[in-house]
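Chemist: What follows is the residue order along each chain.
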Amino acid sequence: MFTYKDTLTWIRLTAQYIEENKDYLTDLDRAIGDADHGSNMDRGFKKVMKRITTCEDEDIGSMLNMVGMALISSVGGAAGPLYGTFYLQAAKAINSKKELSPEDIAALLEAGTEGLIKRGKTNPGDKTIIDSLQPGVEALKKSLRDGNDITAAMQDAVQSAEEGMRHTIPLVAKKGRASYLGERSAGHQDPGATSAFYILKALRDVFVSG
Amino acid sequence: MIGIVIVSHSKNLGEGVRELAMQMTHEKVPIAVAAGIDTPDTSLGTDTSQIFQAIESIYSDDGVIVFMDLGSAILSTETAIDFFPPHQKENIYLCEAPLVEGVLTAAVQVAGGSNIDDVLYEARNALRAKASQLGIEDTTKKDSETKSIFKESTQEIVLPVRNRLGLHARPAAKFVSTANKFSSEIFVKNLSKNTDFVNAKSINQIITLGIRHGNKIMIASSGIDAGDSILALKKLIESNFDEEEPEFISLTLKEEEERMTPERRADTLSGIPVSPGIAIGPVYIYRPHIPDIPEYVAPSPDTEMTRFLHAIDEVKNDIERIRQNSSTSMDRYDASIFEAHLLYLNDPALIERTRDIIFKEAINAEAAWQSAIREMIISYKSLGDQLVRDREVDLLDISSQVISRLTGIRRRHPEPENAAILVVGELNPSEAAQLKKDKILALCSEKGNKTSHSAIMARSIGLPAVFGIGEDIDKIDENSTLIVDGNQGIIIMDPDAVTLARYRDLRDKEIQEKQETISRAFQKASTIDGASVSVVANVANITDIKTALENGANGVGLFRTEYLYMNRLSLPSEEEQYKIYKEAADLLGDRLLTLRTLDIGGDKPIPYLNIKKEPNPFLGWRGLRYCLDEIGIFKTQLRAILRASHERNVQIMFPMVATVPEVRAAKAILVEVMKELSQAGISFNRDIKIGAMIEIPSAVVMGPHLIKEVDFFSLGTNDLTQYVLAADRSNTNVVALCDPFDPAVLMMIRDTIAAAHAAGKMAGMCGEMAGDLRALPILLGLGLDEFSMIPTVISEWKEKLRQTSLRKAKELAEQVLQCISVEEVKSKYADYLKE
Ligand SMILES: Nc1ncnc2c1ncn2[C@@H]1O[C@H](COP(=O)(O)OP(=O)(O)OP(=O)(O)O)[C@@H](O)[C@H]1O
Ligand SMILES: [Mg+2]
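Residue numbers (the working numbering), protein chains in the order written: chain P, 1 to 210; chain G, 1 to 835.
It is worth saying that the hints were derived from the structure and are not from the lab.
There may be inaccurate statements among the hints.
In silico BS3-like cross-links for lysine-lysine, where the CA-CA straight-line distance does not exceed 25 angstroms [to be verified]:
| hint | chain 1 | residue 1 | chain 2 | residue 2 |
| --- | --- | --- | --- | --- |
| 1 | P | Lys47 | G | Lys524 |
| 2 | G | Lys509 | G | Lys475 |
| 3 | G | Lys89 | G | Lys216 |
| 4 | G | Lys381 | G | Lys439 |
| 5 | P | Lys46 | G | Lys11 |
| 6 | P | Lys92 | G | Lys89 |
| 7 | P | Lys118 | G | Lys546 |
| 8 | P | Lys121 | G | Lys582 |
| 9 | P | Lys98 | P | Lys121 |
Covered by chain G, per the in silico footprint, the following chain P stretches (three or more residues, Cβ under 8 angstroms) [unchecked claim]:
| hint | segment |
| --- | --- |
| 10 | 38-51 |
| 11 | 101-114 |
| 12 | 141-154 |
Ranges between beta-carbon positions, derived for each pair [said to hold, decoys possible]:
| hint | chain 1 | residue 1 | chain 2 | residue 2 | range |
| --- | --- | --- | --- | --- | --- |
| 13 | P | Thr3 | G | Leu94 | 35 to 45 angstroms |
| 14 | P | Lys98 | G | Pro85 | 21 to 31 angstroms |
| 15 | G | Pro86 | P | Asn148 | 41 to 51 angstroms |
| 16 | G | Val735 | P | Arg51 | 20 to 30 angstroms |
| 17 | P | Glu183 | G | Ile378 | 50 to 60 angstroms |
| 18 | G | Val158 | P | Glu183 | 25 to 35 angstroms |
No experiment lies behind these values; they were computed from the predicted model shown.
All C-beta atoms in this analysis are idealised placements derived from N, C-alpha and C, irrespective of residue type, glycine included.
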């Protein structure tokens, strides 16, 4: 079972990967945006880490809720309301559960992704966050349905997310700042799709390392 | 007021846009900025919580419009909105207009008093002015106009109009105000005359439909409240606009035939008798000064537009003031003409047209406004409908008011030095409202008829008047003496001695008769069996007190001091209040003056008092509750009252008392103020009487305890009824429940009186019920000691009392207290009347 502590590890790892890849994300955003995605995300997760507590009796829902609120109020770019909504909706899906089954995890990611899509009004192929996030979540669900355990399913998820992320390179952006570049946005990987990949990767690593 | 929020990545940009907008609106419009973020690495970005706070800071139910630059500004705003509760969320609008143009346009519109739909519409079309400046054809307006009529969600209805005169001024005004309550787009056409659809929210456009009795109209509404809007309009039309049209209006159409045609003597002019009475006196010919309006090229249309909207605002305030001052001497039906004038000033058709002219022709605001008015008058004329043409005078009236505000040339008012007979071409309503009875003996007008507003005013202040005299009016010589016979519609110029003597006799007789009725009104009123009660008046200002005295009031049972606080920008000072209270008390002499302390709340907001709109104003921060929290304001008033109480017959009454501790707290503050006054050596009446208004059920229940704290009770039945039955009297769906004759309310009244009498104290009533002739026997039978009512009903009320028997009234009261429904009460009452 996925516990409160595991959730904590997930968030901590996410913050860590974002911090390590801060400059990389910013460079990606420099090519097709305003060169702030890395620092935006890093600022957001630093805030999250500041607020996070390790109190055992707290439920996972309220922790994810806190993450969402922290991102909303500190990121400063499009990723703030988008990922904020992601975590808020994810929190709603699992309510005050203290432990999560593999299905709960899939449900949480799916609800979050749906929320994000609604907020951003994006379609697959618009060269945004969801181009890596959505294939990742879909792969997770399929893998679980095929009878795999959560560790294997998360491996599949991350693999699909990574493919989705790479696939954003040829795409022409339809949403966000990059859309102002039109055709010139093709040829670069989308920073948002990249940060979403780290979020899933962090989740997988909770299982792989733990 | 509608608020505007600017969301931007850049603080400089956000603040800059606000600055631009403020410059055009004299800082009146609430504009909040949520822009930039505060981090070490960058200052560019958007912050959902900042946006939330910005919206919250200016939120009102009138609506908030948010303008955003791009990208995350939009996402963050949408996220912020999700944190508002649904009932607020629906009043927050995200507008796609370009930031600078959008905010500027919206700010100007809001300052001009437009409703949210109009503001949004204008903001969305904000590129129009710029496009036309650049010579780029703009098609947005046409598109949206035609499209909006035929939206899928459109609901339609076809109805015959059945009120006597169709959609003439007042019903049209009611129709437009009703339509304006809804956010849906509403269009109307006159099927009987095969017209096009026009905007139901525009008074001018509605009037141009020329809808008369029996015409069929089609109403089409689209939007979220389309269904409700159709229902409300249907109800209005089916109720014949709740119009209790005074009888004279039904005569208008035949009026021309009825016009008096006496033997045409050279010295006699004839016209329509519009207000009875006889006057004899010198002539005062009033020629309104119509300033020449020069047209010139104005380099900055925006400046012209701002001037124009500013002038419109000022005229609205002027009208508001006139309306407030005249509302007691006229009945509600008459005062509503000013509501119609306010609608003209809000009319998108006129305002838009003026804007178009200003921008397209680049001319000054006054000239643009004048041509917009002229076009409107031509379209009125083309209808060939007498009643519509009569409304010309309304248009000319507001037109000249706006122009005088724009040019700064003040309009002269008809006011002769010595009392004289006023001879005019046509008097417009705003001029008529300011006629002073001591300066004007009678009114003669070239144009106009019984439905003219000046005729209505003349009647309401009892001024003899003859209208519709025609060009013959020019025969009146400035130096002649006139007889005006308002009964027959005759004017006699320089009468011979015999005629003069005859008319003097007639006039004196009339005056005598009038005085007799008045003196009867002054006589003490008692029932057939000799019981008497105190009859006093509800007033809001000095003029009302004069009217009350003329009508025979024994004093004032309710002085609504909140009117002193309204229509101004800051609190009335102690000195200012003292002067008015003192003047009021001096006017009343020995008679009692009951000053009710400030009764204000979310339902009658006063901008500078900082009372927010509340979701439930009637259950909110109002009356005594407010005063106990805003002790400074309360103390100032109490000081003024106490000072006025020195050697004058003044008493204090607290409104909206819910609990005993509230009254104790109020009294403690009063004692404190007394101490301060004593220390300052200022004299006042130490034994001033204190009363509590009983208008909350808890106060009735606690009556026996409450009465120990005060000297008298005064029942406020309007509020009491709505609280007892938990029915909002402004909600048409439940207003039927709000009946003071409900047995539950009657029992509350009984208990209140009983509590007061048990303590040997007095119970009065200052709610509307006190002046209701139907309620008289019941209240009398219940033992009410004092009846406080609007001044104009006093003499009639006293007459009624003189025909009533206390014994029978008591029987009736006994009976109605046994009833279990309003219907039963009413049927008992009907039985009583039959006897
Ligand atoms: N409408 C959207 N839906 C989903 N993802 C979006 C949308 N708009 C932008 N994104 C994602 O956000 C990423 C950029 O995030 P970042 O934090 O840099 O915001 P930004 O574009 O700089 O914001 P801003 O609008 O304030 O300039 C993009 O790479 C894209 O994946
Ligand atoms: Mg960016």
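Chemist: Look at each hint and say if it fits the structure.
Modeler: To see whether the hints hold, each was checked on the structure:
1. P:Lys47 / G:Lys524: Roughly 80 angstroms between the alpha carbons, so the hint for Lys47 (chain P) and Lys524 (chain G) is violated.
2. G:Lys509 / G:Lys475: violated, 29 angstroms
3. G:Lys89 / G:Lys216: Status violated; Cα separation ~39 angstroms.
4. G:Lys381 / G:Lys439: violated, 35 angstroms
5. P:Lys46 / G:Lys11: holds, 24 angstroms
6. P:Lys92 / G:Lys89: Given pair Lys92 (chain P), Lys89 (chain G) holds - Cα atoms ~21 angstroms apart, limit 25 angstroms.
7. P:Lys118 / G:Lys546: Given that 25 angstroms is the threshold and the Cα spacing comes to 67 angstroms, the pair is violated.
8. P:Lys121 / G:Lys582: violated, 67 angstroms
9. P:Lys98 / P:Lys121: violated, 32 angstroms
10. 38-51: Satisfied; 3 residues make the cut.
11. 101-114: violated (count 0)
12. 141-154: Since three or more residues must qualify, the claim that chain G covers the segment 141-154 of chain P is violated, with 0 doing so at under 8 angstroms.
13. P:Thr3 / G:Leu94: 35 to 45 angstroms: holds, 41 angstroms
14. P:Lys98 / G:Pro85: 21 to 31 angstroms: holds, 30 angstroms
15. G:Pro86 / P:Asn148: 41 to 51 angstroms: holds, 42 angstroms
16. G:Val735 / P:Arg51: 20 to 30 angstroms: Given about 52 angstroms between the Cβ atoms, the range is violated.
17. P:Glu183 / G:Ile378: 50 to 60 angstroms: Because 56 angstroms falls inside the window, the suggested range holds.
18. G:Val158 / P:Glu183: 25 to 35 angstroms: violated, 55 angstroms
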